[in-house]
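Novice: Residue strings, one per chain:
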Amino acid sequence: MSVFAATLRRELLLGLRTPAEIINPLFFFVVVVSLFPLALTPSPETLRLLAPGVVWVAALLAVMLSLDSLFRRDEECGALEQLLVAPGELYLPVLARLCAHWLLTGLPLVLVAPLLGYMTYLPVEVLDTLWQSLLLGTPALTVIGAIGAALTVSVRRGGILLALLVLPLYVPVLVFGAGSVGRALDGMEVSSVLAVLGAILALAVSLGPFAVALGLRISSGD
Amino acid sequence: MYFESWSALWQMGTHGPYVWSAFGIGVALIAANVAWALWHSRTVRADLKRQLQRQAMQEKP
Amino acid sequence: MSPTTPTSPILRVEQLGCERDERILFRDLAFQACAGEIWQVAGANGTGKTTLLRILAGLHGFHDGRVRWQVPGARHASAHDQILFLGHLAGLREELTAQENLRWLCALHDQPAAMIPAALSAVGLAGYDDAPVATMSAGQKRRVALARLWLPGKAVWILDEPFTAIDATGVEMIEQRLRKQAAAGTLVIYTSHHRLATDTRQIHLGGQGA
Amino acid sequence: MTETARPVPGHFYLWSGLGLLVAVALYVFWQAPQPNRTVLVVGGYLLSVLFYFGAVRYPHWYWQALVRWYHQLGSPRHFYRISGVLLPYLVALSGGLLLVGLIWGLAFSPPHHEQGNSYRIIYLHVPAASGAMMGYMAMGICGLVSLVWRMKMAEVAIKAIAPFGATLAAVALITGAIWGRPTWGTYWIWDARLTSMLILFFMYLGVMGLQNAIADPRQAGRAASLLSLVGIINVVIVRYSVDWWHSLHQGSSMSIFGAGGSQIHPSMLAPLLISMFGTYFLFAVAVLIRTRTEVLWRERRSRWVKEVLR
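So the sequence lines, in the order shown, correspond to chains A, B, C and D.
Each residue of the first sequence is one higher than the one before, starting from 1 at the first, in the working numbering.
Each residue of the second sequence is one higher than the one before, starting from 1001 at the first, in the working numbering.
Each residue of the third sequence is one higher than the one before, starting from 2001 at the first, in the working numbering.
Each residue of the fourth sequence is one higher than the one before, starting from 3001 at the first, in the working numbering.
Among the hints, a few may not be true.
As the list claims (entries may be wrong) - Calculated pairs, DSSO-like style, for lysine-lysine (alpha carbon to alpha carbon, straight line, at most 27 Å):
{"#": "1", "chain 1": "B", "residue 1": "K1060", "chain 2": "B", "residue 2": "K1049"}
{"#": "2", "chain 1": "D", "residue 1": "K3152", "chain 2": "B", "residue 2": "K1049"}
{"#": "3", "chain 1": "B", "residue 1": "K1049", "chain 2": "D", "residue 2": "K3306"}
{"#": "4", "chain 1": "D", "residue 1": "K3306", "chain 2": "D", "residue 2": "K3152"}
{"#": "5", "chain 1": "B", "residue 1": "K1060", "chain 2": "D", "residue 2": "K3306"}
Stated by the list, open to error - Covered stretches of chain B, going by a simulated chain D footprint (3 or more residues, C-beta under 8 Å):
{"#": "6", "region": "1001-1011"}
{"#": "7", "region": "1014-1027"}
{"#": "8", "region": "1044-1050"}
Said to hold, decoys possible - Simulated restraints on C-beta separations:
{"#": "9", "chain 1": "D", "residue 1": "Y3187", "chain 2": "A", "residue 2": "T46", "range": "44 to 54 Å"}
{"#": "10", "chain 1": "C", "residue 1": "G2046", "chain 2": "D", "residue 2": "N3212", "range": "22 to 32 Å"}
{"#": "11", "chain 1": "C", "residue 1": "T2169", "chain 2": "A", "residue 2": "L35", "range": "57 to 67 Å"}
{"#": "12", "chain 1": "B", "residue 1": "D1047", "chain 2": "D", "residue 2": "G3074", "range": "19 to 29 Å"}
{"#": "13", "chain 1": "D", "residue 1": "Q3072", "chain 2": "B", "residue 2": "G1024", "range": "51 to 61 Å"}
{"#": "14", "chain 1": "B", "residue 1": "Q1053", "chain 2": "C", "residue 2": "G2046", "range": "51 to 61 Å"}
{"#": "15", "chain 1": "B", "residue 1": "W1036", "chain 2": "D", "residue 2": "P3088", "range": "14 to 24 Å"}
{"#": "16", "chain 1": "C", "residue 1": "D2110", "chain 2": "D", "residue 2": "Q3072", "range": "38 to 48 Å"}
{"#": "17", "chain 1": "D", "residue 1": "Q3072", "chain 2": "B", "residue 2": "M1057", "range": "33 to 43 Å"}
{"#": "18", "chain 1": "D", "residue 1": "R3068", "chain 2": "B", "residue 2": "L1029", "range": "29 to 39 Å"}
{"#": "19", "chain 1": "D", "residue 1": "I3103", "chain 2": "A", "residue 2": "A195", "range": "47 to 57 Å"}
{"#": "20", "chain 1": "A", "residue 1": "G88", "chain 2": "D", "residue 2": "R3057", "range": "46 to 56 Å"}
Quick caveat, the hints were computed from the structure, so don't treat them as lab data.
Cβ coordinates follow ideal geometry from the N, Cα and C atoms, glycine included.
Working from the sequences, and respecting the hints, build out all of it.
Specialist: This is the structure:
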C-alpha cells in the first residue's frame, strides 16, 4: 500500500474509532450559530444580514478548535517521531493526514451549513454559494491551521497560542468566504470570488504540507 | 515656523490635543521600547560579567 | 559505490557535541561503527543517551560536529531508508489494533506488511493481531513495537531502552534476535542498563567521554 | 577563479553609495507635483552610468561584497564587532533625521487644506506604519535565510525585530485612531489600512508568543522563522483581501494625500520622508541593540565573549 493510502486509511480508522472528535466540532458549529439569534434578535431581516459572517466565523472556529489534537496524540505516543524518521518526503503522509482530517471534520460542516443558513433566513439561492464557499474554504482553513498545530505540538497547553498564531492567517479566507455569501445575498455574481477562494486553496494545498512537515521537524528538535 | 507663537503651536487651532497626545503616546511607546532594550542589554552584560568573575574566582585557588 | 568490506565503518561520528537547557550533555564525541557490530550507549540518567540516539536517527538537529552514514544500499546520505528507530515511546495508537498500527508503520518505512503476523507470533503475541493496543499490558505494547525487529529491510537498528517492561524470557528472546541480526550484518546501537552477554562495544556518556 | 580573489576596491562602495543616493533623490522628485525634467534626465543619466560601472562592468564586485557581508553577518563574533562600530552612527543618523523630520512636520510645514492641523499626526503615523510593515518583511526574509541556510544570526534577528515591530504597529494604530477623531468623528473606523495594520499587529504578537512558549532557544528561533515566512505570504494576501473587503462595503478611506499619493505638496512630503528614514534607522538601532544582547547571551561560553566583557 502506498504511503498516502496507508496514512489516509489509518487516520480514517482513528477518526471512526473516536467519534467524539468528529462530532464535537460539528456540535460546536451548530451551537455557536444558534446562539446568535438568542444574543441578537430573531428578526429575519437582521439575521439574514449577519448570517454570512455568523456561519463563516462559527465554521472557522470549529475547524480551528479541531486542530489542537491533530498531531498531539501522535506526539504523545511516539508515532510522530516514527513519521519523522520515515524515508522520503513528508509531503504525502502529511497531505493524507490533512485530507482525512478535513473529510472527518470539515466536510460535515459543509454539509450542515445549508441547514444553518436556512435557519438564519438566508434565501435558498444563497445557500448554494454558502456551501460552495465552505467547500473551498474549509480545506484551506485545515491546511493553514495545521501549520500552527505543527509548530505548537511540543508546547504544553498550546490551545490559546494556536488561536493567536492561526487566526490572523485565516483572515483572507474569512474575507473572501463570507464576502462571497454576502455578494450572493446582494444578488451579485460570486464566481470570481469563489475563484479567489479556489486560488487560496490551491496555494494552501500545494505549499502548506511542506510548511506543516517543516513545522513538525522543528517541533521535534531538528 | 508656520505658527505665530508658541501657544499657537500648542493649540494648533482646535486640533492641539489630538496632535500632541498622538505624538506624546507614540514617542513615549517607542522610547520605552528602546529603553527596555537598553536596560535588558545592561542586565544581561552584568549577569555575564558576574558569572565570569565567579568562574575566575573558582579557578584561582 | 565502492564495495564495502565488513570492516569499513558505515557510521562516522565526528566531534559531536550537544547542549540542552543550559547544560552540556556531551562534547567531542567521536566513534566509528561497522556493520555487524553491537554498540551499547551507557551512562547515568540525564547524560544524553536518548538525545544521542535521536541525533543519530536524524530527529535532533541542534548539535555541533557531524554524523555521517555510509550504509550500502541507502538511497540518501541521511540513510533514513536503512535505519530502524525505536524510541522509548512505542509509537502505537491505543485505538488501533496491533496489526493496524504495524501496517501503517510498514507502509511508512518500506517494510513488508505481509510478514506482520509472523513477526507478532515471533514476539509471543500470536493471535493478538486484532486486539486493540489499549487492551494490552505495558510489556505487550512494547513487544508489538519490537515486532518490527522481525521485519526485514533495515541495515541499522537504533533502539532506545528496548528491554523496558519486558520479562526475563522476552529479554532473552530479544538478545538472541540482536545477536543473530548482528551476525548477519546489521549494526545495532541501543541504550540500556542491561549489558548483553555477547561482545558489545560501549559508549559511556557523562564524564569519561567516548 | 583568480577573479574572485581580487579584493573589493574602496571606490566600489563609493559608487554604490552614490547610486543609492541618486535613486533616493529621484524617488523624492518623482513625488513632486511637477517633476523637474532636467533633474530627472540628469539623474537618470548618472544612475545609468553608475549602474554600468557597478553591475555591468564589474558584477563580481557586487557578488563578492554580498558573499563577504553574508559570511561576516553570519558569524556572531564579526556581527558583534561590526554592529558595535555601526551603532553610534546609526543612533546619530536616526536621532538627527527624526528630530528634523518631526519638528519640521509639527511646526514648519503648512496645514492641510481640508484637515487643518490634525494631519500633522501622519508624520508619526505613516513612518510607524511603514516601519512595522518593512519590519515584518525583514522578519520573513530572515526566516527564509534561517530555514534554508540554518543561519543562527537570522534566528536571533527575528527575535530582535518582533518587539520593535509590534511597538511600531501599536503606535500606528493609536495615532491612526487619534487622527480619526477630528477627521471622521470617531476613534475607530474599519478603514482598510487600519484593519491591515491591526492584523499585522496580531501577527507580530503571534511570533512573539511562539518565541516565548518554546523553551529551547534554537527550536524557538526556527519555529518563529517558519511562522514569519508563512506570515509574509499572509501579509500580502491580507492586504489585497482587506482592500477588496473594504471596496465591497464602501467605507471611508484614510486617504491623507487625496486620490493617489502624487498630489502631496513637497513641503509636506520632505519632512515625512525624513522622519520615515529616521524611523527605519531607529528600527535598525533597536534591532542591533537586542541582537547584540542575545548574541552575547547565546555565545556566553565562547572565548570572544569573555574578551568582550573583560
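Novice: Now tell me, hint by hint, if it's right for this structure.
Specialist: Quick rundown of the hints versus the structure:
Restraint check for K1060 (chain B) and K1049 (chain B): the C-alpha separation of about 17 Å stays at or below 27 Å, so the hint holds. For the given pair, K3152 (chain D) sits about 23 Å from K1049 (chain B) by alpha-carbon distance, which is consistent with the 27 Å threshold. Between K1049 (chain B) and K3306 (chain D) the alpha-carbon distance is near 8 Å, which keeps this suggested pair within the 27 Å criterion. Only pairs whose Cα atoms come within 27 Å are accepted, and K3306 (chain D) paired with K3152 (chain D) is accepted, the gap being roughly 20 Å.
A C-alpha spacing of about 17 Å is found between K1060 (chain B) and K3306 (chain D), which places the hinted pair at or below 27 Å, so the restraint holds. A count of 4 residues in the region 1001-1011 of chain B with a Cβ less than 8 Å from any Cβ of chain D is obtained; the coverage claim is therefore met, three being the minimum. Taking a C-beta to C-beta cut-off of 8 Å, the region 1014-1027 of chain B contributes 11 residues in contact with chain D, enough for the three needed, and the coverage statement holds. Coverage of the region 1044-1050 of chain B by chain D holds in this model, with 4 residues showing a Cβ closer than 8 Å to a Cβ of that chain against a need of three.
As the Cβ distance of Y3187 (chain D) to T46 (chain A) is approximately 26 Å, the hint placing it in 44 to 54 Å is violated. Our hint of 22 to 32 Å for G2046 (chain C) and N3212 (chain D) holds, since their Cβ atoms are close to 25 Å apart. Taking the beta carbon of each, T2169 (chain C) and L35 (chain A) are about 60 Å apart, inside 57 to 67 Å as hinted. One distance hint, 19 to 29 Å for the beta-carbon pair D1047 (chain B) and G3074 (chain D), holds here, with the actual separation near 26 Å.
For Q3072 (chain D) and G1024 (chain B), the hinted distance range of 51 to 61 Å is not satisfied, since their beta carbons lie about 40 Å from each other. For Q1053 (chain B) paired with G2046 (chain C), a C-beta distance near 29 Å fails the hint of 51 to 61 Å. Between W1036 (chain B) and P3088 (chain D) the beta carbons are some 20 Å apart, a value that agrees with the proposed interval 14 to 24 Å. Restraint check, D2110 (chain C) to Q3072 (chain D): a C-beta distance of roughly 44 Å satisfies the suggested window 38 to 48 Å.
In this structure the hint that Q3072 (chain D) and M1057 (chain B) lie 33 to 43 Å apart at CB holds, the actual value being about 35 Å. Remark: the range hint 29 to 39 Å for R3068 (chain D) to L1029 (chain B) is upheld by a beta-carbon distance near 37 Å. Separation of I3103 (chain D) from A195 (chain A) is about 50 Å and conforms to the stated range, judged on CB atoms against 47 to 57 Å. About 47 Å separates the C-beta atoms of G88 (chain A) and R3057 (chain D), a value consistent with the hinted range of 46 to 56 Å.
Consistency with the previously given hints fails for numbers 9, 13 and 14, ordered from lowest to highest.
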